[in-house]
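Single-letter residue listing:
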Amino acid sequence: MNIYPGEFNELRRKASELMSDTADVSSLLRSRLGDQHELTRAAEQMTASIETLARELRSFDSSAEPTLTDTYQNPY
Amino acid sequence: MYIPEADFEYLIRTLSDARSRATELAVSIGSRLGTEHRLTELANTAASNIEITLRDIRNAAAEKTESGIGLKDLQQALQTGTQPVAPVQVTSSPLPATSFAAAAGLDAEHWLSTFVDALLAQAHTAGGITFEGTERLLQQRKDEFLRDFLTARRMYRTYPRLFPELADPNRQTF
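Residue numbers (the numbering used here), protein chains in the order written: chain S, 1 to 76; chain Z, 77 to 250.
Some hints here could point you the wrong way.
As the list claims (entries may be wrong) - Not close to chain S: a few residues of chain Z, all C-beta gaps over 12 Å, as computed:
1) Ile-79
2) Leu-87
3) Ser-104
4) Arg-114
5) Leu-115
6) Glu-117
7) Ala-136
8) Gly-181
9) Leu-196
10) Ile-205
11) Glu-208
12) Gly-209
13) Leu-222
14) Ala-228
As the list claims (entries may be wrong) - Calculated pairs, EDC-like style, for lysine to aspartate or glutamate (alpha carbon to alpha carbon, straight line, at most 20 Å):
15) S:Lys-14 / Z:Glu-220
16) Z:Lys-140 / Z:Glu-81
17) S:Lys-14 / Z:Glu-139
18) Z:Lys-140 / Z:Glu-220
19) S:Lys-14 / S:Glu-51
20) Z:Lys-218 / Z:Asp-93
21) Z:Lys-140 / S:Glu-38
22) S:Lys-14 / Z:Glu-117
23) Z:Lys-218 / Z:Glu-85
24) Z:Lys-140 / Z:Asp-83
25) Z:Lys-140 / Z:Glu-100
26) Z:Lys-218 / Z:Glu-208
27) Z:Lys-218 / Z:Asp-193
28) S:Lys-14 / Z:Asp-193
29) Z:Lys-140 / Z:Glu-211
What the hints assert, rightly or not - So the derived label-pair ranges between C-beta atoms look like this:
30) Z:Thr-210 / S:Gly-34: 40 to 46 Å
31) S:Gly-34 / Z:Thr-227: 39 to 45 Å
32) Z:Phe-207 / S:Ala-23: 24 to 30 Å
33) Z:Thr-111 / S:Gly-34: 35 to 41 Å
34) S:Glu-10 / Z:Ala-179: 35 to 41 Å
35) S:Glu-38 / Z:Glu-85: 16 to 22 Å
36) S:Ala-23 / Z:Arg-233: 42 to 48 Å
37) S:Ser-31 / Z:Gly-204: 24 to 30 Å
38) Z:Ala-228 / S:Asp-35: 45 to 51 Å
39) S:His-37 / Z:Ala-179: 43 to 49 Å
Hints in this document: simulated from the structure, not taken from any laboratory. Cβ atoms here follow ideal geometry from the backbone N, Cα and C, with glycine treated the same way.
Using the sequences and the hints given, assemble the complete structure.
Printed below as a string of structure tokens:
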């Protein structure tokens with residue numbers, strides 16, 4: 001794989017922005033419709049998948065940086 | 077269940093934007109790591125979940141709109157003692173003596189004419205004209221135009237002989 005750290009930092013930033021920009025969707029639906037409504041559950045599933053993507057991207061980016069301290073254990 | 081119209085608009089706008097960005101992100105990751113990579117799959121899952129949520133919210137908004145129109149029509153029918161009109165039949169509302177289409181020199185079936193007529197009809201309702209209602213009406217016109225355009229294109233491609241006036245090779249096709 002030919003990946004430049006700068007490129008991946010940009011992807012990581014975009015994923016983090018996506019996560020923060022959609023964070024209030026599930027909370028808004030929960031406040032309007034309650035925890036059990038199907039729309040709320042769909043939104044929470046969406047939020048969880050975006051969070052997972054952002055977290056994994058952060059981890060992947062950290063593992064691609066050899067100069068960083070080894071506070072993170074590379075899962076790959 | 078109650079979600080204000082402004083909330084629906086906010087949610088749809090936010091999720092439409094998020095869907096585009098997530099799809100772009102998935103393509104970027106896939107182009108760097110390959111389509112089989114776990115990160116690409118996670119990005120595709122996120123984009124898919126955004127799409128599902130957006131679709132569900134659009135459906136809920138559409139259901140709310142339809143039920144709102146039905147109630148309004150029923151109220152009008154009770155007041156006038158007539159049968160309810162079809163929800164999309166905007167021409168049944170009182171129109172100005174001089175139509176917008178005639179004044180603007182537009183064909184009566186032009187989308188702008190229909191939009192303005194619907195907007196003026198909305199002004200006569202109890203709720204009056206609102207930004208949300210105006211945006212919804214415009215979106216309806218856009219959706220209707222796109223549907224008609226796609227239908228016309230399918231018909232032209234399927235039955236080109238029915239459109240001899242478009243058979244000129246120098247003419248730009250749909």
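Task: CB-CB spacing for Z:Glu-85 and S:Glu-38 relative to the 16 to 22 Å hint - done: Taking Cβ atoms as reference, S:Glu-38 and Z:Glu-85 lie about 20 Å apart, which means the hint holds.
Open item on the list: Does Z:Gly-209 clear chain S by more than 12 Å, comparing its Cβ with all Cβ atoms of that chain?
Closed with: Holds: least Cβ distance 20 Å, greater than 12 Å.
Open item on the list: Does the beta carbon distance between Z:Thr-210 and S:Gly-34 stay inside 40 to 46 Å, or does it fall outside?
Closed with: Violated: the Cβ-Cβ distance is about 31 Å, outside 40 to 46 Å.
Task: Supplied distance hint 42 to 48 Å, evaluated on CB atoms of S:Ala-23 and Z:Arg-233 - done: Holds - the Cβ-Cβ distance for S:Ala-23 and Z:Arg-233, about 45 Å, lies within 42 to 48 Å.
TODO: Given the hint that S:Lys-14 pairs with Z:Asp-193, test it: the Cα-Cα distance must not exceed 20 Å.
DONE: violated (43 Å)
TODO: For the pair we were handed, Z:Lys-140 and Z:Glu-211, check the Cα-Cα distance against 20 Å.
DONE: holds (15 Å)
Open item on the list: Check the hint pairing Z:Lys-218 with Z:Glu-208 against an upper bound of 20 Å on the C-alpha distance.
Closed with: holds (15 Å)
Task: Distance restraint between Z:Lys-140 and Z:Glu-220, which requires alpha-carbon spacing of 20 Å or less - done: holds (19 Å)
Task: Status of the stated non-contact between Z:Ala-228 and chain S (beta carbon gap over 12 Å) - done: holds (35 Å)
Task: Claimed clearance of chain S by Z:Leu-196, with the beta carbon kept past 12 Å - done: holds (32 Å)
Task: Hinted pair Z:Lys-218 and Z:Glu-85, Cα distance within 20 Å - done: holds (16 Å)
Task: Consistency of beta-carbon spacing, Z:Thr-227 to S:Gly-34, with hint 39 to 45 Å - done: Roughly 41 Å apart at Cβ, these two residues keep to the hinted range, so it holds.
Hint violations for this structure: numbers 1, 2, 3, 4, 5, 6, 7, 15, 17, 25, 28, 30, 34, all remaining hints satisfied.
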